[in-house]
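S.K.: Starting from the known structure of chain Y, arrange chains V and S on it as the hints suggest.
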Amino acid sequence: MQIQIQTQGGVPIYLQVMQQIKYLVASGRLQTGDELPSIRALAEELIVNPNTIARAYRELELEGVVEKRRTSGTFVADSGSPLARKERLKVLKQRVDHLLIETYQMGFELDDVVKLLQQSAIGSKPTKKGS
Amino acid sequence: MQSINASLTWEYFSRNRWLLLTPLLGNIPASFILLPFMGLDTAIAAKELVAIQLILLLCLVLLIGVGVQATQGSLRRFYLKPISTLHLVSFYYWTGAFMVGVQVAAMLGLWRFLTPIDLPIAGPVLFSIVCWGTFQPILRGVLKSLGWIPISMALLSILDFWLLYRYGIPLKRGGMMTPEIHPWNHVSIADLLIAAFALAISFILTLWRVAQDRAGREHGKLSLVERVDQAIEKLQFKLFRKTQWFASSAHSLRWFDFNHRCGSIPAVVASIIIMGWMILGAIAIFSKDPASCLPVAVGFTYLAAMLQIFYSIIAAIIGRFGHSINQFEVPERISKDQKVTLFGVSPYLLTLPVSSKSLASAMLRTSFMTCACGTAIVLSSFTIVAMLSAPIGINLSEALTLKIPYWKFSLLTATISLIVSFASSFVAISFLPLLNRFDLWIVLVLVFAVLLALKLPLSISLWVMVFMIVLGLLVYTTIQSLLNNDMSSAKAAIVWGIGLGITTFTLFAIRDQWDTSRVLFACSLIALAMLPYFSTAEGLRRARTS
Amino acid sequence: MSNFVIDIKNLCRSFGEKEVLHDVSLAIPEGGVFGLIGSNGAGKTTLIKHILGSHYAQSGSVSVFGFDPVREPVQVLSKIGYMSEDRDVPSWMRVQEIIDFTKSFYAKWDSSYAEDLIHLFELNPKQRIRTMSRGQAARVCLLVALAHRPQLLILDEPSSGLDPIIRRDILSAIVRTTAEDGRTVFFSSHLLDEVERLADRVAILHQGRILFHDTLDSLLASFRRVTLRFTESHASAPDLAGSLMCRGQDREWTYVHRGDREQLVQAAENANAQIVVEHSLNLDDVFVSCVH
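Chains as they are written, first to last, in this note's numbering: chain Y, 1 to 131; chain V, 1 to 546; chain S, 1 to 292.
Bound conformation, chain Y alone:
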């Protein structure tokens, strides 16, 4: 699983893991029903304390992004649920916030951004995934 951890930014590691998993789910690279690596395997791969991964998985479960099944695995939850959608929206909102900050810093207005979005949307055709 393509997750990178860095200790420089001041963001707690469990949070980084959570954010990246959420992004993977939101962007469709992790689909509903896909199994996440076991806590121990991911901990060994990233070289972090297993408790950190365990915490990340716990929090993701609370937010409904993943679910634990009795066959002792962790799987991506159904993305159709409103909770999951809300989470994905949160990820998107972060991107939007960043975009807006940059826009104002560079001296542009909201209309400029909207125009840019419309122009780019004509060029690319995103594949439709579940709503």
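Source of the hints: derived by calculation from the structure; they are not laboratory data.
We treat Cβ as the ideally placed atom computed from N, Cα and C, and that holds for glycine.
There is no bait here: all hints are sound.
Here chain V is said to cover these stretches of chain S; the calculated rule only asks that three of the stretch's residues, wherever they fall, bring their Cβ under 8 Å from a Cβ of chain V: (1) 54-65; (2) 83-91; (3) 102-116.
Label pairs and their computed distance ranges (CB to CB): (4) V/Ala247 x S/Arg71: 26 to 32 Å; (5) S/Glu115 x Y/Asp78: 44 to 50 Å; (6) S/Glu115 x V/Ser488: 37 to 43 Å; (7) V/Leu21 x S/Glu85: 35 to 41 Å; (8) V/Cys293 x S/Glu85: 56 to 62 Å; (9) S/Glu115 x V/Glu233: 23 to 29 Å; (10) V/Pro82 x S/Gln263: 56 to 62 Å; (11) Y/Gln119 x S/Val265: 39 to 45 Å; (12) S/Arg71 x V/Arg17: 36 to 42 Å; (13) S/Glu85 x V/Leu435: 30 to 36 Å; (14) Y/Ala121 x S/Glu269: 43 to 49 Å; (15) S/Pro125 x Y/Glu63: 48 to 54 Å.
M.R.: Okay, now just chains V and S, sitting in the frame of chain Y:
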């Protein structure tokens, strides 16, 4: 900005501090030879005491030369600095020569002052400076091949020849008492020329050697020793079995101790004896009187036995103080937590779940086995000589001018070798730490005072004191080990029993040559050999935790 | 006694005049990774030597698995796997020899695990340790410490002087060890990104004193870097309760704050300032600000 020379001088003095005095202080024991002459009123011509002078002078030159060399340290620490080789070598060569000369002159002057012997100064000082210079090319280069051994021997012979010649000792028989001998009172022009020549040549050679070393030219080629080592290593690699099998932790400890600490003792003894026999065999084939070679065999066997003792002592001392010898090399290389190998015990062992008791018993057993091995080899060699001499009809006791029968001599040599080498290999663990106890020193002083009060002769008092120290330590450690449960009562009884048995046997064997000093000496040695059994475990326990 | 693997109480240690440890108390529970942080010369190795029984406690007490390591070295050391800072192994031995040798001391030695580690670390069993590079020798040390599956794994500066590849080996070994229940890892390091990745609990040792001893999360949660914008310009940094470091000029000043966030908000209000930017800190910054 101060000059380079000023910096080098400062470095020399700050780096060494107290060590600068050691060569001078080290000569004090040698000075004891002169004790009888101190305070005598009549002047003694140095002519009478040429032999003593020569010994003293040689010791003096050796100690001071080694001392100055050691304080200067290796030149390697300057190789990467922007200083030319010429400058570097000149500084250390000539300042070294100066220091040697000054210290020798000072010591000779002191001796001249304290005793009525008018020792010559100029000649010996010149000699010492030439000795210093002569050995610089050897010591300042890379000593990889074994060629330096014969070269050193040759140089030593030449220098000794010069010295003896200047003392007027001719090479023919007659030795010390011929009328031509005279102390080296006058430094002749010939002397100065020889000295100048020798110093110039050796200076140039030193320059060359250091330049080679600095450029790293020496390191490319493999010397003979390294080639042999490599060949052995390759062979071992091929023959290496997949796994060792250790029956128990005690077994593995013994294997470790043998490999790490004392495995070389029987090897050294065996190689000397085997080489000796081979050389002897070769000589016997070519000589007209092969039977006369047999006493030589006794000679080198005896040498091997004594060497076992010497080797154990050296190994124990290096084990205890080895890390500080490195200081003379490049102190900068020694990090703060440089591991001291405690008496030859690798500190790695102390991180393993090993009790001090099991470590002690492993060490005792290994030491005993290796010393016994060496002794067995020595005894076999003695026996072979006896067996060879019987059919030929040589009476070995007569041939060797011994006062005791040959068998007694060989048995005594072997026993002394065994006991003393065993005792010495533990002297650093079992004996030396005990000397740190102040209560012991108080008892010592009291005993000495009592003995002096009783007006016993000096030597006997000394021996009584030594014996009492060792016996006292033995009793103390026996009680301590019984209390600590390091030793079972049965084992302690066995050790004491064997010790007393050997003592009785020895005393019985030398009953013809009874002498209080000798008796005390023998008893002290045996007690010293018993001591490790009781004191090693506790010594290790203390050493483990600081 | 509760299940503290290491219980150190009021330990003091001096070497001559120099006081190396002062009133150090640490209680390390079973399971998990404990990181001891400190700069060079802070006293970490000395503390570890007390745990191993190489130093006796001049004052205070040390208890490992409930035993005094000085009085009962065998009991304590048989449960410990130790990798020293200078990787002190007898260099004259071969890899296979040191494995066989060490095996005889530990009842719980796992030979198949040792074999796996040999393959994993790419070691040649017949090679002599003194002919190996530093990294390879470190791997041998690690192997010998791990193969008997110790209850307590002690690593003293495991990564110092080693290349990134061997560092990964060591760190993954730590992860693997903690994943097995009930086993504890104690490692000291001045490489803080490693400690941040791996430790559950940390303690900061500075000049012989323990500055903090807490879970890593609590420690990091109590620090933050804030930039405050004041209503007036100040020539020098205005005081802020709970701040450890600050810099800035005129109206904007950046502080490293330790404590409750509510306290910070209150203090900012009292000082007529507005919080402009707020960051959490990583362990490196926390350490620097504590020790500064």
